[in-house]
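K.L.:
So the chains spell out like this:
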Amino acid sequence: MAVTTFENLASSDITTTRTLLHESIPLTGTIISGTYSDLNIKNYTHGQFQSVYDYPYLSSSANHIFDISIGFDESSPLSGATGNLQQDKKINMYNQFSQVLLGYTGSTNQVRKFELDLTLDNSGVMNESLFLNFSRLITKDQIKKGTVSVSLGTGSWADPFGNVKTLTDASASATGGTLNTLGGDYGLLYSTDNVARGLVFYESGVVVLSTSSFDGVTDFYSASAGTSSIAQMFVSSSITASCDALRHRVQNISFNNSTEINSTIYFCRVPHNDYNHSANPTYLSASTIRVKSVNTDTPIAYITTIGLYSSDNELLAVAKLSEPLRKDPTNELTLRVRLDY
Amino acid sequence: MSFRKFGQNDVIVNTMRTHPKSEFFIYDGKVYYNDKPNQSGAFSSQVLNVPPGHISLYEYNIDRAAGNNPLIYPFVTKGSSNIGFRTMTTTEYVTGFEYGDIMTGSYPFSASITREYMVQAGTRSVDVNSSTGETFAGAPTYPHFYALKNRLNFYGTLSEHYKVSSSYGDKSLQTINLLSVPSIFFGDKIDPGTVSLKWYLTGTLIGELKDEKRNGELIQTGPYGSTGSGSVGGVVLYNEGFMLLTGSWALSDVPLHLVSGSATAVSASWRYFGAGALDNVTTGSTSTTYRSASFNMSFKGTNDIQTVTMFAHARRGEVNYSNNPTFLQYGQTQVENTSSIVYEENSSRQIYNSVSSSYAGYDADFERQVYISRVAIYDENKNLLGIATLSDPVLKKEDEDLSFKIKLDI
Chain A
1 MAVTTFENLA
11 SSDITTTRTL
21 LHESIPLTGT
31 IISGTYSDLN
41 IKNYTHGQFQ
51 SVYDYPYLSS
61 SANHIFDISI
71 GFDESSPLSG
81 ATGNLQQDKK
91 INMYNQFSQV
101 LLGYTGSTNQ
111 VRKFELDLTL
121 DNSGVMNESL
131 FLNFSRLITK
141 DQIKKGTVSV
151 SLGTGSWADP
161 FGNVKTLTDA
171 SASATGGTLN
181 TLGGDYGLLY
191 STDNVARGLV
201 FYESGVVVLS
211 TSSFDGVTDF
221 YSASAGTSSI
231 AQMFVSSSIT
241 ASCDALRHRV
251 QNISFNNSTE
261 INSTIYFCRV
271 PHNDYNHSAN
281 PTYLSASTIR
291 VKSVNTDTPI
301 AYITTIGLYS
311 SDNELLAVAK
321 LSEPLRKDPT
331 NELTLRVRLD
341 Y
Chain B
342 MSFRKFGQND
352 VIVNTMRTHP
362 KSEFFIYDGK
372 VYYNDKPNQS
382 GAFSSQVLNV
392 PPGHISLYEY
402 NIDRAAGNNP
412 LIYPFVTKGS
422 SNIGFRTMTT
432 TEYVTGFEYG
442 DIMTGSYPFS
452 ASITREYMVQ
462 AGTRSVDVNS
472 STGETFAGAP
482 TYPHFYALKN
492 RLNFYGTLSE
502 HYKVSSSYGD
512 KSLQTINLLS
522 VPSIFFGDKI
532 DPGTVSLKWY
542 LTGTLIGELK
552 DEKRNGELIQ
562 TGPYGSTGSG
572 SVGGVVLYNE
582 GFMLLTGSWA
592 LSDVPLHLVS
602 GSATAVSASW
612 RYFGAGALDN
622 VTTGSTSTTY
632 RSASFNMSFK
642 GTNDIQTVTM
652 FAHARRGEVN
662 YSNNPTFLQY
672 GQTQVENTSS
682 IVYEENSSRQ
692 IYNSVSSSYA
702 GYDADFERQV
712 YISRVAIYDE
722 NKNLLGIATL
732 SDPVLKKEDE
742 DLSFKIKLDI
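Taken in sequence, the protein lines are chains A and B. According to the working numbering, the first sequence is numbered sequentially starting from 1. According to the working numbering, the second sequence is numbered sequentially starting from 342.
One chain only, chain A, in its complex shape (with noise of 0.2 Å):
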């Protein structure tokens, strides 16, 4: 249908909105190790980490959802431990996740250690770290803040979770209780006894996850107890080993994420003296109007659509109503077009 005439949209008839839309992401401890036999476990030849999917990842229906890995600072007294397995990989491993998350410090552009705590000043610094480095198909474009809750096993080998240890980031909401950096802000994980036992990335969407948690655990890895510390792990298992003994650990994950969902609002105003008239072939039977019984009736249209036009009269989009609008010269209306992007 041609349209005879434009109406003019100032700019205060333009508005632009954002809004944030969540997601409540569950990542339970029996996906992670158990249900799938590890069948959605996938490890590399380069050994440098684990992918968990969310069925076997032989299913072209899996999902990526994590990966797991682990390192240390060179400067942490595991570094140079008798039988160090893979060492070299576990620094490059802390070193690549700091400098992309914390960046560089000093004259001598020292990559920064992670710390547990807001301040960046090279106390509270955390040696040793496990990373959970999540996925963008359920991170979205943030994890959403004060939302995050891991809950580790901090039991025996064979019972790991008698003794749960549930790490929060309570603390952080979007207006305080984290700290801006290179890899976007990051808050701290607390237990329930207060203490900060890991750090969240929400924008990139990494965990990063001190050893502190599981101090006193002597079975970490093995039913070996005694002998296989976290602090052993780090020396003498593989990272992909490390991930494995991990993931026997983790109960629960959960999140929720962000994603934001601009509009642009616009604010179309039919006057009462406009639009009482269609170009519709079908307003017309027999050169009369077919909504008017006597000459004297007042016009009667009804609005269908709205297109909206660039400033050279091309049509950019169509809005359509949901039911037809009356509209007569008694009546003005504002037809509000939200457009997402």
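If you're looking for bench data, these hints aren't it; they were derived computationally from the structure. Be aware that a few hints might be false.
[What the hints assert, rightly or not] Chain B side only, calculated, beta carbon under 8 Å to chain A, not exhaustive:
{"id": "1", "residue": "L389"}
{"id": "2", "residue": "I403"}
{"id": "3", "residue": "D404"}
{"id": "4", "residue": "A406"}
{"id": "5", "residue": "N410"}
{"id": "6", "residue": "V417"}
{"id": "7", "residue": "S422"}
{"id": "8", "residue": "P666"}
{"id": "9", "residue": "G672"}
{"id": "10", "residue": "V676"}
[Said to hold, decoys possible] Derived contacts from chain B toward chain A, CB cut-off under 7 Å, selection only:
{"id": "11", "residue": "A383"}
{"id": "12", "residue": "Y414"}
{"id": "13", "residue": "G474"}
Note that CB positions come from ideal geometry on N, CA and C, so glycine has one too.
Could you slot chain B onto chain A? The hints should help.
P.N.:
Only chain B this time, still in chain A's reference frame:
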């Protein structure tokens, strides 16, 4: 890092047209899409959490169910932007929630073909004016038919068979078998000439409709010599994804129960094609003879994908420096002098010689070379728009020209 401008012939925009094939097999009240069998998981009876024959948008809640592996779900806080979920009515939105309340939705979103069996498609209810006692035509019994009437007449220029009223009869008075295909299966439009509908009775093909003229007419093309061969059994709306079947001739004399809630057996015809495709026709609503019938629907879609191809050139004598800290030899002093009034960097720092030597214990002669690992695309205001990362870093020597071809779907 230096910037290079794209030349006149370095950026190409073109359109790639794809034709995704869709095939549906309908049997015993179930729909199978592209021969995918039902896949059960450890937690849910359907891994994708949608019934067979459905597409799951996002394919998100894989093998999840309430309980041990709960579902991912969306939520939004009611605010001044008035954003809610489309499944919510305006009344629910206004009266059910205060500002600041959380409104939850649910996944997965799914889509599949549906069938609507319309006996005398133009039927309307008869309403009575309570004050005068006059009767008048009320709401349509099959509103989808009324919604399609304008489009059917519009395509009447392609074939008379489209028209609601023509020399082939009045569709308002006919029984119509409407098959609806959501656009997620075909994209922009169904590709003309690719539609095929096959009617099987106890596994034997008894009729096939094809749009071999590409004008929307669904013509019976097989089996050879079958009743109605060469006749038009219906039409297809390519752009909208609808098929309207009106062919009423019997394809077989075997009585079948194909109408929900009806004890009367009917002969196989195109009116009953697809019985069981989300139309409440099941063995329970008919009879076991219904299981003798099975149906196959296939077509190709049309989907245009715009692509931008960019050629980024690294000319000889250019792009020979890296800002990577490891590009320079390790252990050199970076700052020569620094004070409150002077900051002077060490101007004689050495580049690390990364030239590979063929011999152990012997360093090859120094050459200027870099390994290119990424190409970044900027707009005219030097805003970073995207990064193309190479699968392996490419060695660039000083006397070499390299071109990187970057393709982006838009």
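K.L.:
Does each hint hold? Answer for all of them.
P.N.:
Going through the hints against the structure:
This hint holds: L389(B) has a C-beta 6 Å from the nearest C-beta of chain A, less than the 8 Å allowed. Nearest Cβ of chain A to the Cβ of I403(B): about 5 Å, under the 8 Å cut. The hint holds. With a least beta-carbon distance of about 5 Å to chain A, the hint placing D404(B) at the interface is held under the 8 Å criterion. About 11 Å separates the beta-carbon of A406(B) from the nearest beta-carbon of chain A, more than 8 Å, and the hint is not met.
Proximity of N410(B) to chain A holds as hinted, the smallest CB-CB distance being about 5 Å (cut-off 8 Å). The beta carbon of V417(B) is positioned within 8 Å of a beta carbon in chain A (closest approach about 5 Å), and the interface hint is therefore held. A hinted interface residue such as S422(B) counts as satisfied when its beta carbon comes closer than 8 Å to some beta carbon of chain A; here the least separation is about 4 Å, so the hint holds. At about 6 Å, the closest approach between the beta carbon of P666(B) and any beta carbon in chain A falls short of 8 Å, and the interface hint on this residue holds.
A cut of 8 Å between beta carbons decides the hint on G672(B): the least distance to chain A is about 10 Å, and the hint is violated. For the restraint placing V676(B) at the interface with chain A, the shortest Cβ-Cβ distance is roughly 6 Å, inside the 8 Å limit, so the hint holds. Interface restraint check for A383(B): the shortest CB-CB distance to chain A comes to about 5 Å, inside 7 Å, so the restraint holds. For Y414(B), the interface hint holds, since its Cβ comes within 7 Å of a Cβ in chain A; the closest pair sits about 6 Å apart.
Taking 7 Å as the C-beta contact cut-off toward chain A, the hint placing G474(B) at the interface is violated, the least distance being around 22 Å.
Of the hints listed earlier, those the structure fails to meet are numbers 4, 9, 13, in rising order.
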